[in-house]
Amino acid sequence: MLPAAAFYILAASAVISAFMVVTARNPVRAVLFLIVTFFSAAGLFVLLGAEFLAMILVIVYVGAVAVLFLFVVMMLDIDFATLKAGSTGYLPLGGLIALVLAAQLALVGLAWVSADGAALQFQAPTPEDTHNIAALGALIYDRYVLFFQLAGLVLLVAMMGAIVLTLRHRDGVKRQDMHRQVNRTRAEAVDVIDVKRGEGIG
Amino acid sequence: MYEFVTQHGPVWGTVMAIGQIMAFVIVLLLSLAFLLLMDRKVWAAVQMRKGPNTVGAFGLLQSFADFIKFVLKEIIVPAGADRPLFLLAPLLTFVFAFVTWAVIPVAPGWVISDLNVGILYVFAISSLGVYGIIIGGWASNSKYPFLGSLRSAAQMVSYEVSIGFVLVTVLLMVGSMNLSAVVEAQAGGFWNWHVLSAGMLPWPAFLITIPMFVIFFISALAETNRPPFDLPEAESELVAGYQVEYSSTPYLLFMIGEYLNIVLMCALMTVLFFGGWHAPFDFAPFTWIHPVFWFAIKVVFFFFMFAMVKALVPRYRYDQLMRLGWKIFLPTSLAAVAVMGGIVVYSNAG
Numbered sequence: 001m002l003p004a005a006a007f008y009i010l011a012a013s014a015v016i017s018a019f020m021v022v023t024a025r026n027p028v029r030a031v032l033f034l035i036v037t038f039f040s041a042a043g044l045f046v047l048l049g050a051e052f053l054a055m056i057l058v059i060v061y062v063g064a065v066a067v068l069f070l071f072v073v074m075m076l077d078i079d080f081a082t083l084k085a086g087s088t089g090y091l092p093l094g095g096l097i098a099l100v101l102a103a104q105l106a107l108v109g110l111a112w113v114s115a116d117g118a119a120l121q122f123q124a125p126t127p128e129d130t131h132n133i134a135a136l137g138a139l140i141y142d143r144y145v146l147f148f149q150l151a152g153l154v155l156l157v158a159m160m161g162a163i164v165l166t167l168r169h170r171d172g173v174k175r176q177d178m179h180r181q182v183n184r185t186r187a188e189a190v191d192v193i194d195v196k197r198g199e200g201i202g
Numbered sequence: 001m002y003e004f005v006t007q008h009g010p011v012w013g014t015v016m017a018i019g020q021i022m023a024f025v026i027v028l029l030l031s032l033a034f035l036l037l038m039d040r041k042v043w044a045a046v047q048m049r050k051g052p053n054t055v056g057a058f059g060l061l062q063s064f065a066d067f068i069k070f071v072l073k074e075i076i077v078p079a080g081a082d083r084p085l086f087l088l089a090p091l092l093t094f095v096f097a098f099v100t101w102a103v104i105p106v107a108p109g110w111v112i113s114d115l116n117v118g119i120l121y122v123f124a125i126s127s128l129g130v131y132g133i134i135i136g137g138w139a140s141n142s143k144y145p146f147l148g149s150l151r152s153a154a155q156m157v158s159y160e161v162s163i164g165f166v167l168v169t170v171l172l173m174v175g176s177m178n179l180s181a182v183v184e185a186q187a188g189g190f191w192n193w194h195v196l197s198a199g200m201l202p203w204p205a206f207l208i209t210i211p212m213f214v215i216f217f218i219s220a221l222a223e224t225n226r227p228p229f230d231l232p233e234a235e236s237e238l239v240a241g242y243q244v245e246y247s248s249t250p251y252l253l254f255m256i257g258e259y260l261n262i263v264l265m266c267a268l269m270t271v272l273f274f275g276g277w278h279a280p281f282d283f284a285p286f287t288w289i290h291p292v293f294w295f296a297i298k299v300v301f302f303f304f305m306f307a308m309v310k311a312l313v314p315r316y317r318y319d320q321l322m323r324l325g326w327k328i329f330l331p332t333s334l335a336a337v338a339v340m341g342g343i344v345v346y347s348n349a350g
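Sequences listed follow chains H and L, in order. Going by our numbering, the first sequence opens with residue 1, and the numbers climb by one from there. Going by our numbering, the second sequence opens with residue 1, and the numbers climb by one from there.
No lab work stands behind these hints, which were simulated from the structure alone. It is possible that some hints are incorrect.
A few chain H residues that don't get close to chain L, going by computed Cβ distances all over 10 angstroms [claimed, not checked]: (1) G63; (2) G89; (3) L101; (4) D191.
To give a feel for the contact side, a few chain L residues facing chain H, derived at Cβ under 7 angstroms [what the hints assert, rightly or not]: (5) W110; (6) I112; (7) N116; (8) L120; (9) A124; (10) S127; (11) I134; (12) W138; (13) A153; (14) V214.
Ideal Cβ placement from N, Cα and C applies to all residues, glycine included.
Extracted from the complex, chain H is given alone in its bound form (with noise of 0.2 angstroms):
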C-alpha cells in the first residue's frame, strides 16, 4: 500500500508540475518546476528499484543542468506575458501534433507483442546475488562497451566543438602567472639607487 500511495503522489507532482513549467507566468519559477518535475522522476525511478538511475538523474539534471537553465533565465530579462501574447494562434497546430503523437504512442502499444520468456525477465532486472548498480556495470561496461564508448566519442567532439566555438583570443588581456609570481627574486623586483640631493632619477 506504501508504494502504491508513494507512485500516486509522485507521478501527481510530476504531471502536476510539468503542466505548470508550460503555464507558469514567471520564467524562473517555470525552471523551478522543472526542477520539481525531475525531481519526481527520480522518485519514481527509486520506487521501481532504480536507484542509481534516480541519484543520476538528480545529479546530472537537478544538480548541473537545471542550474545552468536557472542562471541563464535570471540574467536575462524575459517576459513571458509579450512571448505568450500570440500563442493561443497556434492552438490548432499544437493540438494536431500532440493528437499524432498520441496516436503514434497508442499504435506502439497495441502493437506491442512480447517473446516468450520476456515476462520472466521483466519481474527479476537485476541478478539475485548481484547489486542493481553492479548489474549496470556489467551491461554497460561488458555487453555494450563498444556503443558506451561511442557515445562518450560523441560527446568529447560536440564539447570540443563547443569550446572551438566561443574561444577566442584576445590581445591585451593581462593575465595572473602564478609560476611566475612565486619565482620572483628580491634581485629582480628591488633596485635601490642612490640618488643626488636636488637632481632627483634622471
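Dock chain L against the given chain H, drawing on the hints supplied.
Same frame as chain H, but now just chain L:
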C-alpha cells in the same frame, strides 16, 4: 524506514521510524549549538579574545540565547521580493542539510537508511544545496544578494566536480557505494583507514589518497562557502551576499543549514578517509569506548580544522578560486581516479 513498516505494522512502524529521525535531528541540533560556540571560541582564541563568555558558564548557553533572539525578531520580507520563493529558500537549505544525514553511519548499524547508493545520495543532495542560495538571492530582488547567489552557484558547481571524483576514488577502493561498507572496509587500526590504506600494500595507494583527502578538504571549504572561499558573502564587496535581505528565523535557517553542511563535510571526511566509527587501535583500552564517540571525536577534530582555517587564511580572489577548482583540482582528481582504477584492477587480478 520501509522495513520498519513491514516488520512492526503500519502504525507502530511509522511511529518508530519518525522517532528515530526525530532523535537524530535533535541530537544534531543540540551538538550544532555547541559546535557553533566552539567555532566562535576557536576564532576568538586565535585573535587573543575571550569569545562568548557571558551567557551560562564559559558562554555555554550562548547559542541558545542567540536562537531565542532570532526566533523572537520580526520576519521582514522586502517589498519587491517574490514572497513564496523568498521564504522557501531558507527552508530548502535547512531541509537539504538534514536529509543528507539519513545515510551517514555513526556507529555499527546506527544509520537511518542503509542505502546501497549512499555515496551517490550524498552527492546528489549536496548538489541540491545550491538551490537554497540561488533562489534566496534571486527572490530578494536586490543587487547584492543576486550577485552573491550567482557567485555561490558557480563556485559550488565547480567544486562539486572534484568532490565527485574524490568520492569515486574512495568507492573504487571499497567496491561499494554503501557508506557502512566504506567504514567496514577500514576496520583494524588506523593504518587501514583510507587515508593511509595499508590494506592496498604493496601498492602505495596512500600516495593517491593523501592528496585526495587534501583536495576533498579544500573543496569542502569551497562547497560550504567557508573562508577562505566565502566570496558569496564577501562583506567588503557584497555586504553579506545572498543573506543581505534575510532577518529573524529565515536567516537562522540559512545559518543552521550552512553549519550543518560543514559538520556533514566533517562527517564525510571521517567516513571516507578516517575510518568512521573505528578506533585508531583495534585492542583493549580503545575498544572499550563506544564507536559513536570515536565518530564524534573525529568529526569535532575536523570541525576544529575548519574553524582554524577560517581564523588563519585570507580570502581568495574569485578568478583564483576558479583557477584552483578547474585547472588544478579537476585534472589532479581525474588522474587519481584513473590511477586508482588501475591499481584496483591489477591488485585484484594479480
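Now the hints, each set against the structure:
1. G63: 3 angstroms, violated
2. G89: It holds; G89 of chain H is separated from chain L by about 30 angstroms at its closest Cβ, greater than 10 angstroms.
3. L101: Its Cβ never comes within 10 angstroms of chain L, the nearest being 31 angstroms, so this holds.
4. D191: Its Cβ never comes within 10 angstroms of chain L, the nearest being 28 angstroms, so this holds.
5. W110: Check failed: Cβ of W110 of chain L comes no nearer than 21 angstroms to chain H, outside 7 angstroms.
6. I112: Interface hint status for I112 of chain L: violated (16 angstroms vs cutoff 7 angstroms).
7. N116: 6 angstroms, holds
8. L120: Since chain H brings a Cβ to about 4 angstroms from L120 of chain L, closer than 7 angstroms, the hint holds.
9. A124: Since chain H brings a Cβ to about 4 angstroms from A124 of chain L, closer than 7 angstroms, the hint holds.
10. S127: 3 angstroms, holds
11. I134: At about 6 angstroms, which falls below the 7 angstroms cut-off, the nearest Cβ of chain H leaves the hint on I134 of chain L intact, so it holds.
12. W138: 5 angstroms, holds
13. A153: 6 angstroms, holds
14. V214: 18 angstroms, violated
Checked against the numbered hints above, the structure violates hints 1, 5, 6, 14; every other hint is satisfied.
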